[in-house]
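Asks: Spelled out from the first residue to the last, the chains are:
2 protein chains.
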Amino acid sequence: MHESPLERLIHLLGKLPGLGPRSARRAALHMIKYRESVMQPLHQAMAQVAESIRVCNQCGNLDSQDPCAICASERRDNSIICVVEEVGDLWAIERSQIFSGRYIVLGGTLSALDGRGPSELNIAKLIEKAANPEVMEVILATNATVDGQTTAHYITEHLKDCDVKVSRLAYGIPIGGELDYLDDGTLGAALRSRQPF
Amino acid sequence: MHESPLERLIHLLGKLPGLGPRSARRAALHMIKYRESVMQPLHQAMAQVAESIRVCNQCGNLDSQDPCAICASERRDNSIICVVEEVGDLWAIERSQIFSGRYIVLGGTLSALDGRGPSELNIAKLIEKAANPEVMEVILATNATVDGQTTAHYITEHLKDCDVKVSRLAYGIPIGGELDYLDDGTLGAALRSRQPF
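So the protein sequences, as listed, match chains Z and Y. Numbered according to my numbering, the first sequence spans residues 105 to 301. Numbered according to my numbering, the second sequence spans residues 105 to 301.
Treat the hints as calculated values from the structure; they're not laboratory data. Even glycine gets a Cβ: it sits at the ideal position worked out from N, Cα and C. Among these hints, one or two may not hold up.
Stated by the list, open to error - Below, in silico cross-link-like pairs of lysine-lysine (DSS-like), each with a Cα-Cα straight-line distance of 30 Å or less: (1) Y:K119 x Z:K233; (2) Z:K119 x Y:K229; (3) Y:K119 x Z:K269; (4) Z:K229 x Y:K137; (5) Z:K269 x Y:K229; (6) Z:K233 x Y:K229; (7) Z:K137 x Y:K137.
Claimed, not checked - Reference listing, derived: stretches of chain Y covered by chain Z, where coverage requires no fewer than 3 residues with Cβ under 8 Å from a Cβ of chain Z: (8) 144 to 151; (9) 190 to 197; (10) 255 to 261.
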């Protein structure tokens, strides 16, 4: 059967992460109900983003300028590089307001399953940057998943020749977390990495 | 501070029902990552919907034709009208495939709080339709909320002069529902409306 424009919109909205068929229907109806105040601005914003947002050739971040605002800033610390998987991870770290160094966005992880090898990630750029004598430390902030950790190990191997300290994020209990609800892996990691009180 | 195009897109996505700030960020990144396969088709679909979808002047449904496919169909039962609050409710009933009559979409409920009176709803159209001698029954399928029920009562009053049966949806335990998880109101309604086994 031929899909109507409305069905097509719902179908496409439903493909966005976090939206199922039901919320896609609600979103589509909401858009139509608020054509001027919701749909039109959203439509324009999408066009603007498509037109203006590009990948920073320095770090892989997304911004309307290249190099991105973080790479272009002179107030950031050149001696430390934080390696993340995706742009969303970079944003998450920026929101924490605790890191003021530079970034490298890998663009994913190594994955045998998905057939993603080192050449598809931003690793060459990282090694090039890490070779700069100004750089003292590389923080591997990949996800605490099998693929994330495999990637971190791979990168550590390839940073051996650079004279930098390589660190990773701490594992442990999330702030506000209750022991009873934590998985064994997290609890085990928190125990192993216990700190003097 | 001036909002960047990307921030603006995330802000607007976050206003859609069912999307919070976090899922809006993920959706925006997903769009940028899959520019050709996700963002462009979505952008086009929105333009098409904005251009082609209109409100059916017979029932208030949304469709690319006016009257809508349901009103235009000759295979639907003219003797029964189902009154719903919103287009989403009409779709939900259509999905159940159990109703083959006509619809009236009110476009909301009476609401003292939001200052919505009868003139803002599709009630005049309903009364006009119900006055047709062909019509035997009006089903009030408004939500089981205070506003929904107030609206249903108001409509019942105004249908007194029409020679039609006025019914409402049954209250009771949802199929698959467990008693222990039901609220007192539903359980009470289910008890009061108990049926011979």
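Asks: So, for every hint listed, does it hold in this structure?
Replies: Now the hints, each set against the structure:
1. Y:K119 x Z:K233: 39 Å, violated
2. Z:K119 x Y:K229: 37 Å, violated
3. Y:K119 x Z:K269: 43 Å, violated
4. Z:K229 x Y:K137: 20 Å, holds
5. Z:K269 x Y:K229: 74 Å, violated
6. Z:K233 x Y:K229: 70 Å, violated
7. Z:K137 x Y:K137: Distance of about 29 Å is within 30 Å: holds.
8. 144 to 151: holds (count 7)
9. 190 to 197: holds (count 4)
10. 255 to 261: Three-residue rule not met by the region 255 to 261 of chain Y, so violated; n is 0.
In this structure, the hints that do not hold are numbers 1, 2, 3, 5, 6 and 10, in rising order.
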